[in-house]
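Fit chain A to the supplied structure of chain H, relying on the hints for placement.
Here is what each chain is made of, one letter per residue.
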Amino acid sequence: QKEVEQDPGPLSVPEGAIVSLNCTYSNSAFQYFMWYRQYSRKGPELLMYTYSSGNKEDGRFTAQVDKSSKYISLFIRDSQPSDSATYLCAMSARSGGGADGLTFGKGTHLIIQP
Amino acid sequence: DTGVSQNPRHKITKRGQNVTFRCDPISEHNRLYWYRQTLGQGPEFLTYFQNEAQLEKSRLLSDRFSAERPKGSFSTLEIQRTEQGDSAMYLCASSSTKRGLAEQDTQYFGPGTRLTVL
Numbered sequence: 008q009k010e011v012e013q014d015p016g017p018l019s020v021p022e023g024a025i026v027s028l029n030c031t032y033s034n035s036a037f038q039y040f041m042w043y044r045q046y047s048r049k050g051p052e053l054l055m056y057t058y059s060s061g062n063k064e065d066g067r068f069t070a071q072v073d074k075s076s077k078y079i080s081l082f083i084r085d086s087q088p089s090d091s092a093t094y095l096c097a098m099s100a101r102s103g104g105g106a107d108g109l110t111f112g113k114g115t116h117l118i119i120q121p
Numbered sequence: 407d408t409g410v411s412q413n414p415r416h417k418i419t420k421r422g423q424n425v426t427f428r429c430d431p432i433s434e435h436n437r438l439y440w441y442r443q444t445l446g447q448g449p450e451f452l453t454y455f456q457n458e459a460q461l462e463k464s465r466l467l468s469d470r471f472s473a474e475r476p477k478g479s480f481s482t483l484e485i486q487r488t489e490q491g492d493s494a495m496y497l498c499a500s501s502s503t504k505r506g507l508a509e510q511d512t513q514y515f516g517p518g519t520r521l522t523v524l
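Note that the protein sequences, when read in sequence, are chains H and A. Residues 8 to 121 (my numbering) make up the first sequence, in order. Residues 407 to 524 (my numbering) make up the second sequence, in order.
Among the hints, erroneous ones may be present.
Said to hold, decoys possible - Have a look at the derived ranges for each label pair, beta carbon to beta carbon:
hint : chain 1 : residue 1 : chain 2 : residue 2 : range
1    : A       : 445       : H       : 12        : 17 to 27 Å
2    : H       : 106       : A       : 408       : 36 to 46 Å
3    : A       : 482       : H       : 87        : 37 to 47 Å
Said to hold, decoys possible - The calculated lysine-lysine pairs, modelled on DSSO-like cross-linking and capped at a C-alpha distance of 30 Å, are:
hint : chain 1 : residue 1 : chain 2 : residue 2
4    : H       : 74        : A       : 504
5    : A       : 463       : H       : 77
6    : H       : 113       : A       : 420
7    : A       : 417       : H       : 49
8    : H       : 113       : A       : 477
9    : A       : 504       : H       : 63
10   : A       : 463       : H       : 74
It should be emphasised that the hints constitute simulated quantities derived from the structure, not laboratory data. We treat Cβ as the ideally placed atom computed from N, Cα and C, and that holds for glycine.
The following block holds chain A by itself, in its conformation from the complex:
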């Protein structure tokens, strides 16, 4: 396992369409995060899972956004009725709370999915 993977890497869609992104975390990691990053800004926290439970959602996550992590493994982020303001890089990160693991609690990021809404 070489790290966090995200698919697709790029997505171009038309306004009003639905899109879904996938994140596969590092296999031993029980925590999973989604962030959004726009040009010239740092990543902004969207939501957090511990195992399969979604424990926190930012106010940035409007009703059009939904995230799942079935069985505590991979996660999906869906955006319904996309708007041009949704254009951004969507980043996934994972970490572990297991003691003894190297860099415990450190968040490791995937390469991101770049979304362009036309």
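The shape of chain H in the complex, shown without the other chains:
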């Protein structure tokens, strides 16, 4: 079993829908949680950074962390075709990754249909 599990999709939704993306993890030492967006053949771009359990909102994006269930989510409201990309969850035990780097999920390929 991998440390971080993420459904690779593809996930296809109509424009304007609310999108829910999720990851589960097994390492209880993880405390820092991130979501990155990656367009085809580009580097990952940071969307959200959260510490421990709770919610964080930034514009159309909301990140949720439930450490008791080892489950994190990213919600995208009013989805746009430009949101079509691969969404990667990442996590670490130390702030910023420290010497261990970040542990990533496989990424979910999201398609927003116009």
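Quick look at chain A alone, frame taken from chain H:
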């Protein structure tokens, strides 16, 4: 300074050849990471520098791989005697531990170098 830059963006080489990639981090960032990403997978951690010191190496980093960060600025990743299994996107990321900096400790990624070994 607009972000992390990597060169070259693409590299095609023949099996057995040596290749070297360069990463220029965001100027105030003292931490630098290398990752490898294969198709359909998330990035996998390879190695980590704090300033010029290489403090951690993943078991993924075989003896054919070597990384340097002279003077704590840019970094190079060299692969000797390339194999077809080395074909991947090599990503560099940087972050800062300096307090007060926006998004302290957050890793920012470059565009990557795509390596194809024939």
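To see whether the hints hold, each was checked on the structure:
1. 445(A) <-> 12(H): 17 to 27 Å: Holds - the Cβ-Cβ distance for residue 445(A) and residue 12(H), about 19 Å, lies within 17 to 27 Å.
2. 106(H) <-> 408(A): 36 to 46 Å: Distance hint for residue 106(H), residue 408(A) is violated at roughly 27 Å.
3. 482(A) <-> 87(H): 37 to 47 Å: For residue 87(H) against residue 482(A), whose Cβ atoms are near 39 Å apart, the range 37 to 47 Å holds.
4. 74(H) <-> 504(A): 28 Å, holds
5. 463(A) <-> 77(H): The given pair, whose Cα atoms are some 27 Å apart, holds under the 30 Å limit.
6. 113(H) <-> 420(A): Within the cut-off at roughly 28 Å; holds.
7. 417(A) <-> 49(H): Judged against 30 Å, a Cα distance of about 15 Å means the pair holds.
8. 113(H) <-> 477(A): 34 Å, violated
9. 504(A) <-> 63(H): 23 Å, holds
10. 463(A) <-> 74(H): At roughly 28 Å apart (the allowed maximum being 30 Å), residue 74(H) and residue 463(A) satisfy the hint.
Checked against the numbered hints given earlier, this structure breaks hints 2, 8; the rest are met.
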